[in-house]
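Each protein sequence line maps, in turn, to chains A and B. The opening residue of the first sequence carries number 134 in the working numbering; numbering runs sequentially from there. The opening residue of the second sequence carries number 4 in the working numbering; numbering runs sequentially from there.
Calculated from the structure, these hints are not laboratory results. Please note that a few of the clues may not be correct.
[Claimed, not checked] Computed spacing ranges between beta-carbons, pair by pair:
1) B:G43 x A:I153: 17 to 25 Å
2) B:S85 x A:K189: 42 to 50 Å
3) B:I63 x A:S185: 23 to 31 Å
4) B:I80 x A:R184: 20 to 28 Å
5) B:K60 x A:Q178: 23 to 31 Å
6) A:S185 x B:G19: 23 to 31 Å
7) B:K60 x A:S228: 33 to 41 Å
8) B:S68 x A:G229: 37 to 45 Å
9) B:L44 x A:K201: 36 to 44 Å
10) B:A109 x A:T202: 35 to 43 Å
11) A:Q178 x B:K21: 38 to 46 Å
12) A:K201 x B:R76: 34 to 42 Å
The beta carbon of each residue, even a glycine, is placed where N, CA and C say it ideally should be.
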Amino acid sequence: GESVGLHLPTLSVQEGDNSIINCAYSNSASDYFIWYKQESGKGPQFIIDIRSNMDKRQGQRVTVLLNKTVKHLSLQIAATQPGDSAVYFCAETSSGTYKYIFGTGTRLKVLA
Amino acid sequence: DVKVTQSSRYLVKRTGEKVFLECVQDMDHENMFWYRQDPGLGLRLIYFSYDVKMKEKGDIPEGYSVSREKKERFSLILESASTNQTSMYLCASSGRTGKNIQYFGAGTRLSVL
């Protein structure tokens with residue numbers, strides 16, 4: 134089976150509740166951020182992004198919040214569903230570079 | 004939809020073998036990337052390419068090389084596989100302008116025995 138995520142922090146949430154996944158980013162010069170979802174046996178999948186000139190962005194059932202003062206990013210998932218079970222990680226980059234810095238991720242477990 | 008296809012999902016190789024991992028993208032993206040993913044370490048960049056025949060070392064290039072002869076294809080080569088190269092390998096691509104969202108393939112799980 135998959136060995137990715139064996140040592141990850143885990144968030145367990147009841148189905149229907151809201152989930153909040155946090156990420157502390159490392160580079161104060163980073164100006165663009167992405168949240169990815171990685172299901173078991175699959176590659177990372179883009180969920181939502183945000184630029185540093187915003188502090189909140191909403192998608193379908195997901196909201197990303199950015200606090201540049203403390204270099205903190207969060208992903209909120211509303212009405213969490215079993216299909217949301219996965220590893221979630223953030224990525225940061227800055228203008229003028231192709232390189233991203235990826236977080237190690239949080240495993241979300243949705244309890245029925 | 005962007006599609007990034009990695010040629011193998013699982014590979015088992017022996018120490019010392021030469022290993023080729025292939026990646027193809029269908030979105031005419033300029034940038035392509037190879038990462039390895041290990042528990043607790045996140046994604047680490049091995050190499051990336053910003054154009055055909057152009058490449059730059061990432062954070063952990065030792066023991067690897069790459070080839071980009073066509074825009075849509077980016078190959079990762081393990082010249083002489085070692086057990087510490089057992090890992091999940093992920094390919095990604097992104098456009099040059101705009102948001103530069105990286106789109107990933109499904110990954111290749113390589114075991115070196």
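Evaluation of the provided hints:
no. : hint                        : result
1   : B:G43 x A:I153: 17 to 25 Å  : holds, 22 Å
2   : B:S85 x A:K189: 42 to 50 Å  : holds, 46 Å
3   : B:I63 x A:S185: 23 to 31 Å  : holds, 28 Å
4   : B:I80 x A:R184: 20 to 28 Å  : violated, 36 Å
5   : B:K60 x A:Q178: 23 to 31 Å  : holds, 27 Å
6   : A:S185 x B:G19: 23 to 31 Å  : violated, 47 Å
7   : B:K60 x A:S228: 33 to 41 Å  : violated, 21 Å
8   : B:S68 x A:G229: 37 to 45 Å  : violated, 26 Å
9   : B:L44 x A:K201: 36 to 44 Å  : violated, 26 Å
10  : B:A109 x A:T202: 35 to 43 Å : holds, 38 Å
11  : A:Q178 x B:K21: 38 to 46 Å  : violated, 31 Å
12  : A:K201 x B:R76: 34 to 42 Å  : holds, 38 Å
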